[in-house]
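Colleague: As a plain string of letters, each chain reads:
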Amino acid sequence: NAGVTQTPKFQVLKTGQSMTLQCAQDMNHNSMYWYRQDPGMGLRLIYYSASEGTTDKGEVPNGYNVSRLNKREFSLRLESAAPSQTSVYFCAGEQIGATEAFFGQGTRLTVV
Amino acid sequence: DAKTTQPTSMDCAEGRAANLPCNHSTISGNEYVYWYRQIHSQGPQYIIHGLKNNETNEMASLIITEDRKSSTLILPHATLRDTAVYYCIVSIHNYGQNFVFGPGTRLSVLP
Chain A
9 NAGVTQTPKF
19 QVLKTGQSMT
29 LQCAQDMNHN
39 SMYWYRQDPG
49 MGLRLIYYSA
59 SEGTTDKGEV
69 PNGYNVSRLN
79 KREFSLRLES
89 AAPSQTSVYF
99 CAGEQIGATE
109 AFFGQGTRLT
119 VV
Chain E
17 DAKTTQPTSM
27 DCAEGRAANL
37 PCNHSTISGN
47 EYVYWYRQIH
57 SQGPQYIIHG
67 LKNNETNEMA
77 SLIITEDRKS
87 STLILPHATL
97 RDTAVYYCIV
107 SIHNYGQNFV
117 FGPGTRLSVL
127 P
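Chain order of the listed sequences is A and E. Residues in the first sequence are numbered from 9 upward in steps of one, following the working numbering. Residues in the second sequence are numbered from 17 upward in steps of one, following the working numbering.
Warning: the hint list may mix true and false statements.
[Stated by the list, open to error] Ranges of calculated distance between the beta carbons of each label pair, as one might list FRET restraints: (1) A:Arg85 to E:Pro119: 24 to 34 Å; (2) A:Gln103 to E:His56: 24 to 34 Å; (3) E:Lys19 to A:Asn38: 18 to 28 Å.
[What the hints assert, rightly or not] Footprint (simulated), chain E over chain A, 3 or more residues, beta carbon under 8 Å: (4) 17 to 28; (5) 92 to 105; (6) 112 to 118.
Calculated from the structure, these hints are not laboratory results. Please read these numbers as outputs of a predicted model, since none were measured by experiment. Yeah, the Cβ is synthetic: ideal placement off N, Cα and C, and Gly gets one too.
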C-alpha cells in the first residue's frame, strides 16, 4: 500500500500561473483534507471532503478550489498563484471509525 | 474547538523519558486529546489519543488529568529519531476537519 500520495513533491510557479496539486489514497478513506503549513507554524486547513461528492471550506480557503474526483482522489487547484501561497501543502485522509488521520509527504510550492 | 497551549521547545537526553505537557483548559466533554508529531517537515504522524483514561501504545503514553484540563505525552526512552515537533490537539473523535494544529513543541533529543 502506498498510503497517501501527493504529486508533485516540489513546484515553482510564477505569479498568476495556475496548477493542480494531486492527492491519492489507497486506504479507503472516507474523509480527505488539504492543509498548508507556513514556516514555523502549524498546519491550517484549506478544504476538506467528508465523503465522496462533498467538499467544504476550512480555515483558509481563499484562492483555492478543490475536487473530490472519486473516493481515492482529492485535488487542490490554484487558479492564479500568488506569492502568499508559497507554502508546504499536505493532504490527509481518514476513515470513519478510525483513530488516526494519515498524511502525505507534502508538496513544497514556491510562487515567485 | 478548544485551544491548546504547549511549550515552544524542550530538550531531552537520549534514553531518558521525554514528558511533553499540554494545557487544554476549555476542552469539552466530548472532545478527545490527540497527539501527532512531525519529523523534519514530513507529514504529521499520529501518536496516541485519549478521552479520560490514561492510554499507552507502542510509541508513547498519554496521561490526562482528572479534570481533563491538561495532559502529558510521555516518550519512555527517547531516541534521536524522536526529535520532532509534537502537536497536541483536542477534537471531537474522528472529525479531522476540526483539528487545529498550533505551533506545537519542538523536542530535541540530545546525544
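Colleague: Could you work out which of the previously given hints the structure breaks and list their numbers from low to high?
Modeller: Of the numbered hints given earlier, the structure breaks just one, which is hint 4.
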